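Using the sequences and the hints, build the whole thing.
Protein chains: 4
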Amino acid sequence: KNLREYGIEIGVLDTGPMNSITDVRGVQVGHQTLIKEDPIRTGVTAILPHPGNLFQQKVPAAVHIGNGFGKLAGSTQIQELGNLETPIILTNTLSVPTAADALIDYTFTFDDNNNVRSVNPVVGETNDGYLNNIRGRHVSKEDVLKAIRSADSGRVSQGNVGAGTGTIVFGFKGGIGSSSRIIPESRGGYTVGVLTQTNFGGVLQITGVPVGKELGKYYLSDQLNESPDGSCMIIVATDAPLSAHNLERLAKRAMLGLAKTGGISSNGSGDYVIAFSSAESVRIPYHSKNSIQNQPEIRNEGMSPLFMAAIEATEEAIANSLFHAETMTGRDGHTINALPVKRVMEIMKEYGRGEE
Amino acid sequence: KNLREYGIEIGVLDTGPMNSITDVRGVQVGHQTLIKEDPIRTGVTAILPHPGNLFQQKVPAAVHIGNGFGKLAGSTQIQELGNLETPIILTNTLSVPTAADALIDYTFTFDDNNNVRSVNPVVGETNDGYLNNIRGRHVSKEDVLKAIRSADSGRVSQGNVGAGTGTIVFGFKGGIGSSSRIIPESRGGYTVGVLTQTNFGGVLQITGVPVGKELGKYYLSDQLNESPDGSCMIIVATDAPLSAHNLERLAKRAMLGLAKTGGISSNGSGDYVIAFSSAESVRIPYHSKNSIQNQPEIRNEGMSPLFMAAIEATEEAIANSLFHAETMTGRDGHTINALPVKRVMEIMKEYGRGEE
Amino acid sequence: KNLREYGIEIGVLDTGPMNSITDVRGVQVGHQTLIKEDPIRTGVTAILPHPGNLFQQKVPAAVHIGNGFGKLAGSTQIQELGNLETPIILTNTLSVPTAADALIDYTFTFDDNNNVRSVNPVVGETNDGYLNNIRGRHVSKEDVLKAIRSADSGRVSQGNVGAGTGTIVFGFKGGIGSSSRIIPESRGGYTVGVLTQTNFGGVLQITGVPVGKELGKYYLSDQLNESPDGSCMIIVATDAPLSAHNLERLAKRAMLGLAKTGGISSNGSGDYVIAFSSAESVRIPYHSKNSIQNQPEIRNEGMSPLFMAAIEATEEAIANSLFHAETMTGRDGHTINALPVKRVMEIMKEYGRGEE
Amino acid sequence: KNLREYGIEIGVLDTGPMNSITDVRGVQVGHQTLIKEDPIRTGVTAILPHPGNLFQQKVPAAVHIGNGFGKLAGSTQIQELGNLETPIILTNTLSVPTAADALIDYTFTFDDNNNVRSVNPVVGETNDGYLNNIRGRHVSKEDVLKAIRSADSGRVSQGNVGAGTGTIVFGFKGGIGSSSRIIPESRGGYTVGVLTQTNFGGVLQITGVPVGKELGKYYLSDQLNESPDGSCMIIVATDAPLSAHNLERLAKRAMLGLAKTGGISSNGSGDYVIAFSSAESVRIPYHSKNSIQNQPEIRNEGMSPLFMAAIEATEEAIANSLFHAETMTGRDGHTINALPVKRVMEIMKEYGRGEE
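So the protein lines, in turn, are chains A, B, C and D.
This note's numbering numbers the first residue of the first sequence as 57 and each following residue consecutively.
This note's numbering numbers the first residue of the second sequence as 57 and each following residue consecutively.
This note's numbering numbers the first residue of the third sequence as 57 and each following residue consecutively.
This note's numbering numbers the first residue of the fourth sequence as 57 and each following residue consecutively.
One thing to keep in mind: the hints can contain errors.
Treat identical chains as interchangeable: a pair holds within one or across any two.
[Said to hold, decoys possible] Computed cross-link-like contacts, BS3-like style, restricted to lysine-lysine with a CA-CA straight-line distance of at most 27 Å:
#, residue 1, residue 2
1, 57, 269
2, 405, 269
3, 269, 197
4, 273, 405
5, 273, 345
6, 345, 269
7, 398, 202
Calculated from the structure, these hints are not laboratory results.
Quick caveat: nothing in here was measured; it's all calculated off a predicted structure.
What follows is the structure, encoded as structure tokens:
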């Protein structure tokens, strides 16, 4: 269940209808979950900014690096050209090359791309090596293509699915989480959606309640000897017509949402944010007869409500990943427990939150 | 009073003895407060990394730009060379040139600097133009020099003092705030101290309690029509022997502390962090006979506790600025109220916080 | 005389009619030259992107930092917001604060700006302290305002004028230089204009001819004991409708032009490039009823001809500064000789260049 | 033959004994060249900062992005942590994922790395798709491992070898090129070595002589309809004990060397520089009992001679790639001619260069 189904709200803005990144028109998400002997506890999550041929119809995009201890593929070209030309794939650290290769395959499946000789695959990761035999590199190109093919625009599955299958957050089982926000009609009524792959540490807070401290499980406490390292991938989508320049500013705000969950962006955490606009009016065609493109663009002062939306949706997406994830046992018998939701709800009540 | 004197704690790490940036050995702070007819509601705050001739004994330093809608002087040279050669001055937006000029004067007062022909003055600012007749540019060079001369290593005065005299945060009177943290002895026992000049908006939270929401005063609510813009200057000091590279990473974490107070780094907010190490072992002499300098340096994996310290101290410094500030009336009869501490404490209790 | 008047060409693109930054429609340049007893050998150069109220009609702009050992004021706001709201002032290192203060004065002279309480003055500098008594800070606010008021759209005066009055380049007298390029009509026919304030070192080359080496005067040679430090400010203007994002890319190319003159961007050189578009179609009004602005924008692949234009014009602007500058004696009797043009022309001939 | 063997010198500093990146102590280079039916015209070049286990003994490193239209793997972690933990692999654009995967394999071949679960493979590329059937992705992991295994510290093979097999520069056949410089003993006597994979365009100059213009073959001329796009990878090695911070500054200077060959860093060019220090005194052990590392470090003002060395060696490495490359026919019968060396030498003479 989502956090909200326990009567707990984060922030002041309304969520979209599904409270999911897929509330942003055009966005699709697919997962491929790999839970097998070996033990394999990993997977792939694909985010498609729109369902068409992305190489031919690129979307404005930007990357913000919260802490660069990670292996994100494709970041420099996004930053230079300001656009995204493949789906975004999330997976485990050591499967980034396989996923990147699969994105090239995927791009070549489109007839229109028959003469394409350069592709910028975008792949993010977190390290699930505590539960998963990550050195086995068990994600195949076919797994990646399946994640893409299975993408749809419905509510995103959360918790131990796809790239979140084997992740750990604040010492509990993490995974995929998603949330969305709609800014007031008077400010444009745009939607901002976020998807996170959570695998990091710090001192867990849920809507400000010091859950980690109450449970005695936090970085530098006696009971959390595990490192806070591990990484967080955050994808921010919006239907607001934004330039790469303002998308970069928007991406930066997602880290403020991570901060509100108690994340500290530790030395070993690869915290990256990729933001894109799915608005049709700002698509960038690969070829154009015109050397000039006319583009609508939100003025700078219109960004603040979108910033707030990205912060709130990120905080809630991370919380949702915890509320959906389930206890998992993996490599070398390691077990990571789910967040003890019942106990957490008691704590929430002590701190004046949740349903009566 | 500091937040802690109300029985409210932020974070899990211990504070330094004074809970002030001056807990970091060598650091001194001075204020010059200007409250006069006109109306003038502004001032100057000076932060000295060490009491000596900074030009001759530079300190490693870095700048992180949370949101660059501001006029910070000196940032590019700090980033290029990785060091700081003047005190840091904070003041109002339109007095940055005057303060920069005064720092050149100050540098020239040292006999050892008689042949110096290049100085990189570092001046940060926030905009106090709602209460202060900022267009009058009433800060003089002498005011700046007075702030420097009055600097000492005692507990920092907070609230409506110095550069915080006329600032506004979350719709309430803001100002100067400070806090510090000590990391566990096993991790080095270093101190991180923070000083903030608070003048920004969002949705106020105090140690996670939704104070802004309860008071009905927050960005995009009906009752806070004032913009969330305005800026936050954050100074992070530490006695850990850090290189410029890791100081930049440390500076970045301060924004996560700002996030936890409900700040959204709005479009119009100039949010800058300057971090420096006051450790004597990493001082950078202006002249040296050796072309190679031997420097102790914390290894990357030793940074995480310092990151957490910077986050906690920033959150608490911002809160302290609110708890110390008092109601002020200024330009055109504008009045900004102090945080209603009594009401806030009631809210804190409803949310399970504070003294019994 | 310009280099071209000696029959020497740089690059393959055509120059604009005046071979000056003022070939870019709307751009105006003014100088205030200060040569007096004391000795004072300094000045001010003002570049106006358009003749109107820049605060109300901002222009898209970007900054590239070649080497950040300098005191450029205003860079972070340009980078964050992507625009420029004051004229650009160039002067000496220690007069940056005065010039910044003067730009605030200037902005306040417009009635439309009566309620403006935040201004981002943009001031670049190089250090003329070898010839000029720079510690005297002899540039006044009035000098800055005079430079602005005297700006016109005619051919730019070059050499020992304005901010170039006391500068040194490759061991010879430097100063202000300018040049322009027009890209082919088939690529849009746009103009790129460059103005440089030259004050740096390395191994002088003029259109590839090793002049510095032939004259035995270059960095690390026996005869050039002076440091290569000192800085170069480069202003790039264009009438192409560019976003801040692509202006940043354009700015970066100017450093490639500097490289071709033999500059090495030494440790102590503050090499900054500010690029802006003067195209009316991309002006950014301070206030707008629309939250969305429709903007024409050159597609990424249209940038390469503009890149080449910026490189060529920068190389030639630097050369022009040398050809126009005259021998100067200043502080402590220091004399810096003009480039020995006659001897240089002989060298050029030995290397197959110049008039028959 | 190297350019120097034709009696042509670039710059003023001495070269190392082999005039090769391998003049830097510890550095090894290996190539795997793939020329087969299909047509396959591609390959792999491996650069090893030292011959040991790089993961256990990392080297300080930095990345500079000249123009980010490229697929460099591993850049963000280098920038965040300031170190390199695998050999650097260069190959073609679409084989980056395969090479990255092979670097993980390679890292796992060391027994000491048996518990390693995170590896940051560093792979650069240029696009050889005009001559090579790049869509076929014919580079195998075994090819990459062979390049690594074949690495030695002898003079680097240049021209149509390894990752330079199918590249094009200034419309002529490009490839791998290398050069080195030694700075004066009085400045430390350090060596800087450069290796380039050349595949870009502009207006070719050789030590300042306008060869491209004389041959009528340059960007925006009638006869060079091919795009200037394509990319340049530049690897800069030094035995000077540099921090990541100053290595980043050093990397930036390599682009100035590229500029001097006439490169314009066109929109479609992925121009990246990776710099590292092979000095044993600055190695970064993976594990350490000490949380503090004592490191010798060149002071900032000692960087200028190294900057000049990087510029000169880059310019010469690019020239060498042209002088070594041979005419090649590939995909769809495309033929790219070698630089017409005899004709070029005539031009050089007209411009006062080369042997009598």
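A quick look at each hint next to the structure:
1. For a Cα distance limit of 27 Å, the shortest separation of residue 57 from residue 269 qualifies both inside one copy, at 23 Å, and across copies, at 25 Å.
2. When the C-alpha separation of residue 405 and residue 269 is checked against a cutoff of 27 Å, the pair qualifies both within a copy, at 15 Å, and between copies, at 18 Å.
3. Within a single copy, residue 269 and residue 197 get their C-alpha atoms no closer than 41 Å, and across copies no closer than 47 Å, so neither meets the 27 Å cut-off.
4. For the homomeric pair residue 273 and residue 405, the shortest alpha-carbon distances inside one copy (19 Å) and between copies (24 Å) are both at most 27 Å.
5. Taking identical chains as interchangeable, the C-alpha atoms of residue 273 and residue 345 lie at most 27 Å apart only when they sit on different chains, with a minimum of 26 Å there against 59 Å within one chain.
6. With identical chains, the CA atoms of residue 345 and residue 269 are never at most 27 Å apart, being 60 Å at best within one copy and 30 Å at best between copies.
7. Proximity of residue 398 and residue 202 under a CA criterion of 27 Å is satisfied in neither setting, with 35 Å inside one chain copy and 56 Å between copies.
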